[in-house]
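Residue numbers (our numbering), protein chains in the order written: chain A, 1 to 114; chain U, 1 to 111.
Hints in this document: simulated from the structure, not taken from any laboratory. Don't take each hint at face value.
Which chain A residues face chain U? A few, computed with CB under 7 Å, are given here [said to hold, decoys possible]:
id, residue
1, D101
2, S107
3, G108
Cut-off 25 Å, straight-line C-alpha distance, at most; resulting in silico cross-link-like pairs (PhoX-like, lysine-lysine) [what the hints assert, rightly or not]:
id, chain 1, residue 1, chain 2, residue 2
4, U, K98, A, K102
5, U, K45, A, K11
6, A, K57, A, K11
7, U, K45, U, K79
8, A, K71, A, K57
9, U, K42, A, K102
10, U, K45, U, K2
11, A, K102, U, K2
12, U, K2, A, K57
13, U, K45, U, K98
14, A, K57, U, K98
15, U, K42, U, K79
16, U, K42, U, K98
17, U, K42, U, K2
18, U, K98, A, K71
19, A, K102, A, K57
20, A, K71, A, K102
21, U, K98, U, K2
22, U, K45, A, K102
23, A, K57, U, K45
24, A, K11, U, K42
From the derived model, a few chain A residues whose C-beta atoms are all more than 10 Å from chain U [unchecked claim]:
id, residue
25, R15
26, T20
27, Q84
28, S87
Positions of the beta carbon are idealized from the N, C-alpha and C atoms, including for glycine.
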Amino acid sequence: DTGVSQDPRHKITKRGQNVTFRCDPISEHNRLYWYRQTLGQGPEFLTYFQNEAQLEKSRLLSDRFSAERPKGSFSTLEIQRTEQGDSAMYLCASSFGTGGDKLFFGSGTQLSVL
Amino acid sequence: RKEVEQDPGPFNVPEGATVAFNCTYSNSASQSFFWYRQDCRKEPKLLMSVYSSGNEDGRFTAQLNRASQYISLLIRDSKLSDSATYLCVALPTGTASKLTFGTGTRLQVTL
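Take the sequences, apply the hints, and build the full model.
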């Protein structure tokens with residue numbers, strides 16, 4: 001499968017625990033994005049990388065959230081001290097270049113915080 | 001007020017019907033617009049781009065009215081496989097693919 005890959009698909013955790021998600025973009029794509037989607041809502045932008053540089057972060061990304069993309073390949077999104085409000089689908093997307101018609105999304109990681 | 005607003009539906013239509021979805025956006029600096037399709041528990045996928053001149057792809061037609069800040073999607077001859085959530089998406093000028101999604105409109109096509 002040469003699409004965007006996310007791991008794990010599902011994560012259940014207890015409030016206060018830390019969680020980390022991984023995203024492997026399409027190999028030739030230099031841009032990588034993280035979005036969050038809650039039930040009944042559209043995806044909301046969290047952050048994006050061009051190669052290894054994190055170029056933009058949403059105000060939705062509180063201090064408990066951190067994202068990295070070492071070496072400009074895969075990316076990780078870590079949430080520290082999870083809260084119930086963090087329960088959502090975390091979607092990763094990648095693109096080569098800019099434009100809303102160039103993004104390819106992964107299947108997402110569904111996070112449930114109990 | 002949300003930057004991109006849509007009627008969440010659901011729209012329940014019989015197979016073969018024509019259905020139209022509307023969307024309004026508040027950021028006049030938005031440069032590009034798209035319709036994405038999202039199946040239940042799946043990732044969003046690009047359906048089509050939206051141009052001021054209109055854009056048609058088979059049974060799907062998208063229109064943009066910049067003066068009214070309004071976008072539409074028309075689906076003709078609905079199929080059962082069209083059942084999904086349709087997300088209206090704006091890309092503001094000067095952003096590098098920082099898409100702004102609407103809440104989505106759910107379509108259910110029935111026999």
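Hints, one by one, checked against the model:
1. A hinted interface residue such as D101/A counts as satisfied when its beta carbon comes closer than 7 Å to some beta carbon of chain U; here the least separation is about 5 Å, so the hint holds.
2. Taken as an interface hint, S107/A checks out: its beta carbon lies about 5 Å from the nearest beta carbon of chain U, inside 7 Å.
3. With a cut of 7 Å, the hint placing G108/A at the interface with chain U holds, because the nearest CB-to-CB distance is about 6 Å.
4. Our distance criterion of 25 Å between C-alpha atoms is met by K98/U and K102/A, whose separation comes to about 12 Å.
5. Proposed proximity of K45/U and K11/A is supported: the alpha carbons are some 23 Å apart, at most 25 Å.
6. Pair hint K57/A plus K11/A holds up; C-alpha atoms about 23 Å apart against a cutoff of 25 Å.
7. For the given pair, K45/U sits about 18 Å from K79/U by alpha-carbon distance, which is consistent with the 25 Å threshold.
8. For the hint pairing K71/A with K57/A, the CA-to-CA distance comes to about 19 Å; that is within 25 Å, so the pair holds.
9. Only pairs whose Cα atoms come within 25 Å are accepted, and K42/U paired with K102/A is accepted, the gap being roughly 18 Å.
10. Using a Cα cut-off of 25 Å, the hinted pair K45/U and K2/U holds, with the two alpha carbons roughly 22 Å apart.
11. Proposed proximity of K102/A and K2/U is supported: the alpha carbons are some 24 Å apart, at most 25 Å.
12. Note on K2/U and K57/A: the hinted pairing holds, with a Cα-Cα distance of about 19 Å set against a maximum of 25 Å.
13. With a C-alpha separation of about 15 Å, the suggested pairing of K45/U with K98/U holds against the 25 Å cut-off.
14. Restraint check for K57/A and K98/U: satisfied, since their Cα atoms lie roughly 10 Å apart, inside the 25 Å limit.
15. Only pairs whose Cα atoms come within 25 Å are accepted, and K42/U paired with K79/U is accepted, the gap being roughly 19 Å.
16. Proximity of K42/U to K98/U is assessed by CA-CA distance (about 20 Å); at most 25 Å being required, the pair is judged to hold.
17. Taken as a hint, the K42/U and K2/U pair is honoured in the structure, with Cα atoms around 24 Å apart against an allowance of 25 Å.
18. Between K98/U and K71/A the alpha-carbon distance is near 22 Å, which keeps this suggested pair within the 25 Å criterion.
19. Proposed proximity of K102/A and K57/A is supported: the alpha carbons are some 20 Å apart, at most 25 Å.
20. For the hint linking K71/A to K102/A, the alpha-carbon distance of about 22 Å falls within 25 Å, and the restraint holds.
21. Distance check on the hinted pair: K98/U and K2/U sit about 15 Å apart at the alpha-carbon level, within 25 Å; holds.
22. At roughly 10 Å between alpha-carbon atoms, K45/U and K102/A fall within 25 Å of each other, so this suggested pair holds.
23. Straight-line distance between C-alpha atoms of K57/A and K45/U comes to about 23 Å, which keeps the hinted pair within the 25 Å bound.
24. With a CA separation close to 16 Å, the supplied pair K11/A and K42/U stays within the 25 Å bound.
25. Residue-level check passed: R15/A sits 24 Å from the nearest beta carbon of chain U, beyond 10 Å.
26. Even its closest Cβ contact with chain U, about 20 Å, leaves T20/A beyond 10 Å, as expected for a residue assigned away from the interface.
27. With a cut of 10 Å on Cβ distances, Q84/A stays outside the contact zone with chain U, its closest approach being about 21 Å.
28. For S87/A, the requirement that its beta carbon stay farther than 10 Å from each beta carbon of chain U is met, with the minimum near 15 Å.
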